[in-house]
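Colleague: Chain by chain, the residues:
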Amino acid sequence: MSIRDQIIISIFIVSYWFIVLICVSAECPLKTTLRTYTHPAEMLFGIEQSWRMFCPNPRAYSMHVYAIVTFQDGSTAYYEFPRLEKMSQFDAFMRERIRKQFDDISPWFEFRMFRPFIARYVARGVYDPDNPPIQVSLNINREPIPLMPYHSPRFPTPRESIRENFFIYKVSARDFQ
Amino acid sequence: MKLEDCWKVWQDFWFKPQSPLPVAVFRIAFGCSFLTGVLTQYGHDFLVFFGQNPVLSRANFIAYWQFKDLLINIFDFVPRTNQWHLAVFAAMGITSVMMIFGLFTRFSCFMTFIFFASVSNQYPFLCNAGDDMQRLVLFLLPFTRAGDALSIDSILGKPREKWYRAFFMPPLAAPWAQRMLQLQISLAYVSTGLLKLNSDVWFYGNGLNYGSRLADFSKFAIPHLLDHRFTLYFLNWGTIALELVLGTLIWISEFTNWLILIGVAFHLGIDWTMNIPIFEFCFITMYILFIKPEDLYKVFRWFNSLYRYLNLKLKKMGGSEKVWRSHESS
Chain F
492 MSIRDQIIIS
502 IFIVSYWFIV
512 LICVSAECPL
522 KTTLRTYTHP
532 AEMLFGIEQS
542 WRMFCPNPRA
552 YSMHVYAIVT
562 FQDGSTAYYE
572 FPRLEKMSQF
582 DAFMRERIRK
592 QFDDISPWFE
602 FRMFRPFIAR
612 YVARGVYDPD
622 NPPIQVSLNI
632 NREPIPLMPY
642 HSPRFPTPRE
652 SIRENFFIYK
662 VSARDFQ
Chain B
34 MKLEDCWKVW
44 QDFWFKPQSP
54 LPVAVFRIAF
64 GCSFLTGVLT
74 QYGHDFLVFF
84 GQNPVLSRAN
94 FIAYWQFKDL
104 LINIFDFVPR
114 TNQWHLAVFA
124 AMGITSVMMI
134 FGLFTRFSCF
144 MTFIFFASVS
154 NQYPFLCNAG
164 DDMQRLVLFL
174 LPFTRAGDAL
184 SIDSILGKPR
194 EKWYRAFFMP
204 PLAAPWAQRM
214 LQLQISLAYV
224 STGLLKLNSD
234 VWFYGNGLNY
244 GSRLADFSKF
254 AIPHLLDHRF
264 TLYFLNWGTI
274 ALELVLGTLI
284 WISEFTNWLI
294 LIGVAFHLGI
304 DWTMNIPIFE
314 FCFITMYILF
324 IKPEDLYKVF
334 RWFNSLYRYL
344 NLKLKKMGGS
354 EKVWRSHESS
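Here the protein sequences line up with chains F and B, keeping their order. The first sequence begins at 492 in this note's numbering and counts up by one. The second sequence begins at 34 in this note's numbering and counts up by one.
If you want a taste of the chain F side facing chain B, the calculated C-beta under 7 angstroms gives, among others: (1) MET534; (2) PRO547; (3) LEU575; (4) ALA583; (5) ARG586; (6) ARG588; (7) PHE608.
If you want a taste of the chain B side facing chain F, the calculated C-beta under 10 angstroms gives, among others: (8) TYR75; (9) HIS77; (10) ASP78; (11) PHE149; (12) PHE158; (13) ALA221; (14) LEU230; (15) LEU247; (16) SER251; (17) ASN308.
Please keep in mind that the hints were generated in silico from the structure rather than gathered at the bench. Backbone N, C-alpha and C define an ideal beta-carbon position, used for all residues, glycine too.
Using the sequences provided together with the hints, build the complete structure.
Modeller: Structure (structure tokens):
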């Protein structure tokens, strides 16, 4: 390989790692400043990355998300998003992405702006022209995992004992157009 | 040390020619893992995420998440119908198969990257760290010499050579892109290891306790191992130590093969206990990049011996064995 090629490739290597290391480094004023310039390149080339596998703090409770739909006549319906722990291992493998969408995304404050769309999706799924849904509430059931040195057996997994509502959506006629 | 010496070290690390066989084997293993993901991870709920009326549309993501970022997204250029969106996935499947067989390798790797980046940008909330790693691999793979061996390209490119020579004995080439991939996995391990070290939860031994008891991730049991305080503490701190070691000491050749074995066992253990599809296999395949070419030839010879032992009438391979030996000694 010629020296000219080596220099061109070296520039590419240095640029790549400069962008990547800024992306994965800890938050600080320098990162904030530099990332203003490197972020567009990260996004364009798809090299944005974050290696936070169950860290810094893994979730300290088991949970599942569900919706309560209220209809015009006052009746209610329970809508449970697919739960992997109720599926066979094969189905759980095939449908892990749906857990990521509904359990990993929808309850967190960071993603709150997407909640109306999820609620609307549920409302459309149970739409009945004679008795349309008027409200969708998104809820979470959770059970804290005991802190070490106390620990619980892995199986059977405990039933979630804490219920929390995290979003209420008033359905309008426009949602079904 | 002089500046010239620094440049020499730099050249040795990135450009000193070596056999591209490891990256070719990696291409096949990674391609199989990636194709498994394409075939299994999106099909069941395809319409929920990629249909013409998904839960969250592209417009939602642009308005609230991606803003004005310039992104690779083929979905922007095809009609917004279920059939066309399915066609993008079908095309990604075809280019991944081409990548596995090494047919127009650079082109197929590049197109697979374009398709997968499009999928990631069309619905970013489906991606886990394994998907991020797959996308990075696909970005870097076209720069490697992955198609120089174990590929249709390698045979078609040298029609006058014996097929097994072209197929198994690629010319030496600068491994800079392979080094990029190796550094990428090192970075992933060191980064997550340091973050865990900096976390109170992991530092005081609760990280593995929490992670292993999330009902929505639970898979198979390992009898007793994760039900005792001692083993939970041991595996918790062992995870942090192993991640830091895998990201650093794997570069030291005396430790490489042992750490690969430990790393494979580590990832298979996680895959056995937790449902995180494809992620573990993506990381396992990346260890291939650290295997020395001569060790891979040993593995090939072992398979060749096994093949002959089973008397499958492939006597011509005896010739290739001699050539492997001569290649190793050179």
